[in-house]
Every structure is written in structure tokens, then in C-alpha cells.
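There are 2 protein chains.
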Amino acid sequence: MSGRADGGPVAILAGSGRLPALLADELGRRGRPFRILAFRGFAERDVRRRADRVIDLLDIGGALSTLADWGAAGVTMAGAVSRPSPAAALGAFAYFRNRRELEDILSRGDDHLLRKVVERLEERGFPVLGVRDLAPGLLAREGAYGAVAPAPEDDSAIALGLRLLRDLSPYDVGQATVVNGGRVVAVEGPEGTDRMLRRVRAFSGAGWFTRAPDRAGVLVKAAKRGQDIRVDLPTIGPRTVENAARAGLRGIAIGAGSTLVLEEARTAAAADRLGLYVIGVPWSPEETSP
Amino acid sequence: MSGRADGGPVAILAGSGRLPALLADELGRRGRPFRILAFRGFAERDVRRRADRVIDLLDIGGALSTLADWGAAGVTMAGAVSRPSPAAALGAFAYFRNRRELEDILSRGDDHLLRKVVERLEERGFPVLGVRDLAPGLLAREGAYGAVAPAPEDDSAIALGLRLLRDLSPYDVGQATVVNGGRVVAVEGPEGTDRMLRRVRAFSGAGWFTRAPDRAGVLVKAAKRGQDIRVDLPTIGPRTVENAARAGLRGIAIGAGSTLVLEEARTAAAADRLGLYVIGVPWSPEETSP
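Chains as they are written, first to last, in our numbering: chain A, 1 to 290; chain B, 1001 to 1290.
Mixed in with the good hints there might be a few duds.
Pairwise CB distance ranges (calculated) [stated by the list, open to error]: (1) A:R246 to B:G1275: 37 to 43 Å; (2) B:P1282 to A:R120: 26 to 32 Å; (3) A:D167 to B:G1007: 45 to 51 Å.
Computed, partial: chain A to chain B, Cβ under 7 Å [stated by the list, open to error]: (4) V173; (5) V187; (6) G189.
A few chain B residues that don't get close to chain A, going by computed Cβ distances all over 12 Å [unchecked claim]: (7) V1178; (8) N1180; (9) A1186.
These aren't lab readings, by the way, just hints derived from the structure by calculation.
Cβ coordinates follow ideal geometry from the N, Cα and C atoms, glycine included.
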């Protein structure tokens, strides 16, 4: 922990998507003080409106002095920020030791980038907190969401997907895969889950022999082993369910305890409406850090 | 070996692409007798014209009786055949033990499908031969094709890609990956190398921090361990070089001894014209079968 007062607010570094608002709501409900530092161009309008300060993603000096002014007891990174453009990265040079270090960090995987940001924040005395620390109720639990359950034949596809994600953990490549029967049909790269599902959709209409026009296949999504789930949490929500349905899949399996379910009620409702299963499955969280 | 005369012709089962013609040319040069059995809808026009017989992909009875008529000393599968449509698969039921077995085979990976076809051919007494047996000169050798060589910084990206492909071997997913610096940016699924490269191209223009507009990244392509390279050989050619250039890559690395280089001279010329390296790298061929 830092030398700062533990009674200080939690600073929410807000990127895009629904998570910053959900987290702020949850902290409000628990009576835990918080402040929002929103990233211009990423945070959604309602988050920017609630924000205590809006800054540029790479204004790292500004972010650090704001955190110090607030006497923040900890920092949490919520929502997505895509990689900065080369021009934007110029502003961050002062923060990194030299140009070569910054280039090296930016050319490697997301894990590596986020790990470096976390290291720097902790060096400055701001502990980095995750959803598990602040709002564990937002994380996936084991069992079915909604009314549909996987059939026995889905279980082996889910198990295959989990094994693949485990073996891919050292590579900082996707957090998700699509398995159809005994066949891995896609591995997520930096394009993200929605685009991967669009790719799968293109196959399923293209004369591949599945049980078409029946649904087939499952999206399996889980944190990499060793992934810092404080800063990079696999996420699903209602849109993921809609895209999985469009891709012709039968359901979604997520690693319990280390996957974020955005808007659980709407996610379950979408699954029921579209006839998909969404299930939290056991996933060795002890091997993610910390 | 089968009980048939070893002096019988090699039967080339010809799918799409340039390989069937290249193989026929090579066998002709070596004075080895051959016959071509072309698959309607897959084999290219010039191959169909040279073919001794043209049949439907799933007319397995017709294929087997043709091979017997020819007294084929062996069979080689050359060129791509995409998976059959459900309607076409109906014609193949008689050949497989039952509908369930066929469904099972078709729902699994390509490796599994091809392995079953090879098993059936060998059960009938036709040894299955590969490019390595018939025309080893078409396989990648170690070293650079063309004038451009990888820079020292490319070597670690190539090594990372090879490690990833090795660890993915049990999964019957792609034969190729794209690595940019320390980051895996794509893993090939059933969409194939050309479509994977198109996906990478979409990233590289999208504000990702690479050394844009400089080229960055490498396509790494190699046979899976345990893959039967007699029937499913990773392949590159001039078009692969063109697509890699469009995707903003610096070069291509291929597993020597187990990757096919179609039209080597045109491939090297394309690499030189576009400023890419194409290099054959050592790749444990002893762990592919047989």
C-alpha cells in the first residue's frame, strides 16, 4: 500500500464502454469515496459529464498530479483505451525513460503495455485495484445466465476452448476462441471479440459442413493465466450475445471469477430472447495475478 | 506398400491451385509414370484438360475403381479442396461406416478429415505419397529466397511465431501466424492465409503504433507437428508475397522441408520487387509424420 491515507478516494481512470459508470454506481452504493478521471475521446458522454476531470490519454504528467491532488488511496483502470496513435505517443516520451523503451512497450502485447503502466503507477505510490477488489459482484459466477443450458455435446467444445486459451496464455494473444465440435474455428487477436465473431459468421454461411442451418459452436472467453485482471478483464455483455447469435453459435462460456459480465440482467435477457446459453465455468483464477 | 506393381503410375488427385500441374511436370521430367484424377469444380482448367479422368469430389466409389483400373502404385493429393457442402456429402455416405461417423469427421479439423481419407486409401492398398516423396525440390529449403534478408530484429519475431505454431499443434488450428515485434497479431483459422493477411492489413492502417508507415511484422508459416505433410502442406507462392506486402509486413518465414513454395522463381521475384524477405528456417521436420 502507499503512504497515502487509506480514506482517500479511489480514482477511476475511465476509458470507453459501460464499465466506468457501472463501477462508479457500485462504489456509490457501497459508500466508498471515488473520483473519475476520464480520458478524452474514450470515456462515454455520461461518464465525462460525471467526471471530476477529463484529460488526454497520454497526459501522464497531468494524470499523476491529479491523483496526487486528490490524495487517491488507489487507482482503477476501467474501460477500453485503444492503442495511442504515434502522434499521441509523442506526448508520453517524458514519462518513459527513453524513446526506445516506449517503442518497445508499444510494439509488444497489451499485457506488457498495461503491466508497465501499473508498475509506474505503483512506483508513484498509487496501488492499482481491480474489479475483484472494488465490485466483485460484476464478475462472472459459475452456472447458467438465463434459461438455456449447454447440451452435453457442448461440454467437450467448451473444454477444448479452455485448454487452447490456457496453452496460448504465454503469448499475449486473444482472450477468446470459437470452437465448433472438435474444431477450433477462430482465435481472437487484437481485433477483439466482436470482429472475431463477424469472421466466424462469414464461415458459417459458406458451405462449411456443420449442422447448418442449426446453430453450432461456442464462444469461449477467459482471462489468460498470469494476466493482470486488475487492468485487463475479459468482458461480455448483451452485444456479445447478439453477435454470437449472428455468428450462428449455440452459446457462450466464460471463466468464472475473472470475466466481467456487463449488465447481467440484459445479458441474460438477450440470451433467452435469442435462445443461446451463457454459462460461467470454473477457471483457475489463482493462476491469474494477483 | 501395396500388392500392386511398383511400376504402376502415381495417381495425382488434383484439387485447385498450381500444385497438381507443377507435380505432373516434375514427375514427367523424372520419367515417372503418372495419371491425373481431377476433381470437378476444384481442379484448374489446364489440369482438367490434362486429366485422365474428371470426377466429383465425393464420388469415392468412382475414384477407387479408377485407381484400381490404373493399377496405381500410389496416390498423391495435390491442391486444395474446400469442405464439401452438406448436399455433396450425401453422396459419400456409402463410403463411411455410417452417417454419424461422417458427421463426426466433417465437424472436426482438416487434419482429422484428411487422416481418415488417407486411412481409407491405404486400407484399399494404395500408399499415399507426398511432395517430399515425389518432388522434394518443391519444398522450402533453408535460407533467403530473393535479395532481401531479415534484420536481426526480425529473428526474435520469427522465433516467437514458430514457438506459437508449435504450441498450437495439438489443436488443428492454423498453420500460420503474424507477429509484429513481440506481439502476436493474428492466428490463422480455417479462413486461410490470404484472409488472415487481409485482417492484419485492416489493423495496420488503424492507428496502431507500429513504426508506420514503415513495414513491420512477419508472416510465419510452418507445418503443425504431427501433421501429415503428405496430404496437407503449408504453401506459399507469389500471391502470398503480394498479400504480405499489402498487409504491411516486412517478410515471410517458412518451415524448411515441410512448406511448399509454389513457383519459386516468381515468388523470389515478387519478394525482390516488393522489398520483402522470404526465408526458409529450420523446423523440426522429424516431428511431422511420416
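Against the structure, the hints:
no. : hint                          : in the structure
1   : A:R246 to B:G1275: 37 to 43 Å : 40 Å, holds
2   : B:P1282 to A:R120: 26 to 32 Å : 40 Å, violated
3   : A:D167 to B:G1007: 45 to 51 Å : 47 Å, holds
4   : V173                          : 4 Å, holds
5   : V187                          : 4 Å, holds
6   : G189                          : 5 Å, holds
7   : V1178                         : 8 Å, violated
8   : N1180                         : 7 Å, violated
9   : A1186                         : 5 Å, violated
In this structure, the earlier hints numbered 2, 7, 8 and 9 are contradicted, and the remaining ones agree with it.
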